[in-house]
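Number of protein chains: 2
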Amino acid sequence: MSLDPKVAARLKRNPDGLVAAIVQQYDTGEVLMLAWMNDEALHRTLTTGRATYWSRSRDQLWVKGETSGHVQHVKSVALDCDGDAVLVKVDQVDGACHTGDRTCFDADQLEIALG
Amino acid sequence: MSLDPKVAARLKRNPDGLVAAIVQQYDTGEVLMLAWMNDEALHRTLTTGRATYWSRSRDQLWVKGETSGHVQHVKSVALDCDGDAVLVKVDQVDGACHTGDRTCFDADQLEIALG
Numbered sequence: 096m097s098l099d100p101k102v103a104a105r106l107k108r109n110p111d112g113l114v115a116a117i118v119q120q121y122d123t124g125e126v127l128m129l130a131w132m133n134d135e136a137l138h139r140t141l142t143t144g145r146a147t148y149w150s151r152s153r154d155q156l157w158v159k160g161e162t163s164g165h166v167q168h169v170k171s172v173a174l175d176c177d178g179d180a181v182l183v184k185v186d187q188v189d190g191a192c193h194t195g196d197r198t199c200f201d202a203d204q205l206e207i208a209l210g
Numbered sequence: 096m097s098l099d100p101k102v103a104a105r106l107k108r109n110p111d112g113l114v115a116a117i118v119q120q121y122d123t124g125e126v127l128m129l130a131w132m133n134d135e136a137l138h139r140t141l142t143t144g145r146a147t148y149w150s151r152s153r154d155q156l157w158v159k160g161e162t163s164g165h166v167q168h169v170k171s172v173a174l175d176c177d178g179d180a181v182l183v184k185v186d187q188v189d190g191a192c193h194t195g196d197r198t199c200f201d202a203d204q205l206e207i208a209l210g
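Just so you know, the protein sequences line up as chains B and L, in that order. When the count follows our numbering, it moves up by one through the first sequence with no breaks and lands on 210 for the last residue. When the count follows our numbering, it moves up by one through the second sequence with no breaks and lands on 210 for the last residue.
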């Protein structure tokens with residue numbers, strides 16, 4: 096079993112064969128993290144209900160929360176207008192970030208200084 | 096004037112010198128689009144209050160809404176835990192997507208079919 100060819104045909108993958116995955120908590124709207132998917136990761140995300148990515152550091156499929164228990168239950172997946180990004184709405188168990196934070200964007204707010 | 100060296104030092108750019116920018120409507124939480132920034136685009140976003148990206152198709156800086164009028168007023172910018180993505184919260188005038196849709200993720204919902 097692999098990714099629906101009709102979906103696969105709409106993807107615009109980067110040179111590494113990946114599309115970006117923006118991961119959002121479905122009810123609060125918090126943006127949790129940015130990850131990457133190859134065709135197989137997208138297929139598993141759509142068919143298992145568990146958010147699955149391609150780990151660029153480990154160079155392997157990565158079921159989010161597989162070791163930490165901080166899994167993501169998939170609610171919806173949408174492809175963007177040019178086919179190179181997906182928006183994955185999930186129900187995140189505990190924190191999404193490996194640092195323990197709820198989201199990967201909690202720790203480093205940049206200063207806006209209008210000139 | 097260029098990007099604050101303390102911020103620049105925390106960025107982990109891709110081979111094209113870019114970080115991903117997830118763009119979110121600040122009050123409703125809608126994810127509007129995924130774009131890309133080089134150092135100069137991030138600098139301008141932080142100092143002009145107008146979301147500015149690097150257009151990979153036109154290979155130039157791109158002030159969102161410059162021609163369409165669909166500008167993005169920047170509310171906050173946060174860097175993620177590994178420095179390769181920013182979350183830009185904005186107030187979006189009209190639609191974010193070049194198709195006329197409110198967001199770039201409105202048109203193509205993928206089917207979730209649990210096995």
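Hints were generated in silico from the structure; no laboratory data involved. Glycine residues also receive a C-beta, built at the ideal position from the N, C-alpha and C atoms. Incorrect hints may have been included.
Said to hold, decoys possible - Below, a sample of chain B positions facing chain L; criterion: calculated Cβ distance under 8 Å:
(1) Leu-106
(2) Leu-156
(3) Val-158
(4) Cys-199
(5) Gln-204
(6) Ala-208
Hint by hint, here is what the structure shows:
1. Leu-106: Status violated, d = 11 Å.
2. Leu-156: violated (16 Å)
3. Val-158: violated (15 Å)
4. Cys-199: holds (4 Å)
5. Gln-204: Because about 5 Å separates Gln-204/B from the closest Cβ in chain L, which is inside the 8 Å limit, the hint holds.
6. Ala-208: holds (6 Å)
Hint compliance for this structure: hints 1, 2 and 3 are not met, and every other hint is.
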